[in-house]
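Model the full structure from these sequences, guided by the hints.
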Amino acid sequence: MSAPAAPGRLRPPAFPANWPARLAWAGLVIYTIYATSVLDVTLARFIAGLGNAGHFLSRMFPPNMAPDKLALIYTGMVESLQIAVLATFAGVLLSLPLGLAAARNLAPVAVYGPARAFIAICRSFHPVIVAILFVKAVGFGALAGVLALIVATMGFVAKLFAEVVEEMNPKQVEAVRATAAPFLNVLIMAVFPQVMARFVGLTVYQFDSNLRNSTMVGIVGGGGIGAPLFTAYQRFDYDVVLTILIIIVALIMLCELVSGRVRRIFQ
Amino acid sequence: MNALSPVTQAAKPPRVWHRFTPAERIGRSMVYVLSAIAVVWSLRTIEVIPEFLYDAPEQTADLFRRMWPFDWAFYPEQVHDALIETFHIATLGTLLALVLALPLAFLAARNFTRNPALNWLAQFIFVSSRSVNSLIWALLFVAIFGPGALAGVMSIAFRSIGFIGKLFSEALEEAQKGPVEALTATGAPRAMILVKGYWPQVEPAFWSVALLRWDINIRESAVLGLVGAGGIGVALDASLNNLYWDQVGLILAVIFSVVVVTEIVTSWLRARLI
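So the protein sequences, as listed, match chains A and B.
According to the UniProt record's numbering, the residues represented by the first sequence are 1 to 267, in order.
According to the UniProt record's numbering, the residues represented by the second sequence are 1 to 274, in order.
The hints are simulated quantities; they were obtained by calculation from the structure and are not laboratory data.
Ideal Cβ positions, reconstructed from N, Cα and C, are used throughout, including at glycine.
One or more hints might be untrue.
Said to hold, decoys possible - Here are the computed distance ranges between Cβ atoms for each label pair:
| # | chain 1 | residue 1 | chain 2 | residue 2 | range |
| --- | --- | --- | --- | --- | --- |
| 1 | A | T179 | B | P116 | 51 to 57 angstroms |
| 2 | A | G27 | B | A23 | 32 to 38 angstroms |
| 3 | A | N52 | B | F20 | 55 to 61 angstroms |
| 4 | A | A181 | B | E263 | 48 to 54 angstroms |
| 5 | A | A14 | B | A23 | 50 to 56 angstroms |
| 6 | B | Q176 | A | Q194 | 27 to 33 angstroms |
| 7 | B | A23 | A | P193 | 16 to 22 angstroms |
This is the structure in structure tokens:
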């Protein structure tokens with residue numbers, strides 16, 4: 001009875017309520033409910049799908065290891081690897097000048113504006129869409145896949161390379177410029193030693209990414225393992241699909257290990 | 001003769017400074033040589049059909065001639081609804097991926113879960129998720145859930161788990177021990193340590209990863225329709241199969257503008273939130 005009735009606390013709470021954050025969370029929940037209803041994503045469909053999934057998985061196992069299928073998969077996988085190697089090589093060669101041209105601290109406005117715009121266009125389309133256009137332009141086959149992934153490589157490597165160049169230490173550039181060295185020597189003596197390690201890291205990362213994408217451009221006719229995968233899928237040969245998936249995942253894991261090593265060598 | 005005479009000492013060449021140790025140089029040269037071999041091997045054995053190349057310039061010119069002018073009437077018919085669907089697929093897929101990746105990221109972070117087997121399991125899930133391309137995930141989910149947006153949402157989510165989980169678990173591993181130890185010392189339960197010790201430290205990283213992935217997913221969800229997983233890709237596929245290049249051109253322009261708008265929105269949100 002005699003206790004103070006004041007409900008107020010002596011100290012402010014250690015973790016005060018953050019109302020804007022709570023409102024944002026509530027907004028996300030409301031959006032989720034709204035979007036699921038718009039998309040007709042219902043629990044009934046999901047449960048029906050789980051039944052299908054059981055059927056689907058039972059048709060996938062055991063993976064098909066027939067020698068003729070494996071030979072087909074081998075050819076496709078080798079082509080995917082070649083697409084990734086060539087696209088990374090050519091794309092990185094093109095990204096080097098493009099990235100330098102898009103660096104604000106090296107290039108004049110008239111150069112870096114267009115270079116940035118070109119990189120943005122390369123980045124904005126998914127490799128599969130670019131592959132569709134190249135299939136129309138140069139016909140079915142690996143070349144369309146290589147060209148599509150070159151565009152993707154330029155969009156990623158050139159953009160990040162330009163950022164790396166912009167972050168470098170300007171003192172060495174000034175020192176070399178003070179000796180009246182021509183622009184090419186400034187690049188070779190002051191810029192490259194600072195940024196090459198990061199550039200190699202980007203290249204290695206993009207090779208992994210290109211390998212992943214090269215398994216997919218075949219779906220639209222760009223060569224590689226995608227074509228046999230899509231054919232097997234359309235024929236309901238799900239056991240072959242599983243074999244291909246296992247091989248893709250294994251190859252990509254192997255490449256990630258290798259690229260991890262390469263990155264450590266260059267650090 | 002067991003001591004060097006001053007004459008021979010003076011004749012010794014001055015020490016040459018090398019930037020890298022011999023082991024580093026050998027490693028680097030090996031990488032260069034192997035890369036060169038890989039490129040040469042690929043160039044020599046890749047199959048290119050030269051007949052297709054002769055008319056490539058004509059075909060390219062033809063492509064653009066057929067695209068322009070765009071078939072604007074097609075936009076209200078099919079493109080608009082498909083575009084909204086694409087947006088929902090990308091956003092819902094990202095949200096689902098966040099929900100699924102969050103616990104896995106805590107399992108993968110070696111400073112939070114001190115069990116190598118669980119760490120390894122979570123890492124394995126991340127790598128598998130990232131290795132399978134979103135279009136291939138979409139093939140699998142179309143076979144399970146049938147054509148439509150549900151398959152698209154699931155494939156976006158499953159492809160994003162690995163990306164979000166990997167980056168977020170790395171952010172968790174970089175979290176400072178101080179707040180966590182302080183909370184542990186007060187006898188706080190493990191859930192509270194998670195919410196008040198780790199979460200405030202990694203929340204900016206979490207949202208920045210989520211925004212980055214959402215940006216990527218908008219791009220990816222535009223092509224899922226090619227294999228029947230809903231969105232604007234369905235309209236694109238139909239136009240491509242009918243060789244209506246003026247509709248294809250319109251859809252590509254629409255995708256381009258959406259991607260540009262998304263980039264502007266994400267960079268604005270990132271500047272405000274993080």
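Consistency of the hints with the structure:
1. Evaluation of the 51 to 57 angstroms hint for T179 (chain A) and P116 (chain B) yields a pass: the beta carbon distance comes to about 54 angstroms.
2. Checking the proposed 32 to 38 angstroms range against G27 (chain A) and A23 (chain B) shows it is violated: the Cβ atoms sit about 56 angstroms from each other.
3. Between N52 (chain A) and F20 (chain B) the beta carbon distance is about 57 angstroms. The supplied range of 55 to 61 angstroms therefore holds.
4. The hinted window of 48 to 54 angstroms between A181 (chain A) and E263 (chain B) is violated, with their beta carbons roughly 38 angstroms apart.
5. The supplied range of 50 to 56 angstroms is met by A14 (chain A) and A23 (chain B), whose beta-carbon atoms lie about 53 angstroms from each other.
6. One distance hint, 27 to 33 angstroms for the beta-carbon pair Q176 (chain B) and Q194 (chain A), holds here, with the actual separation near 30 angstroms.
7. A23 (chain B) and P193 (chain A) have their C-beta atoms about 20 angstroms apart, which keeps the hinted 16 to 22 angstroms range intact.
Of the hints listed earlier, those the structure fails to meet are numbers 2 and 4, in rising order.
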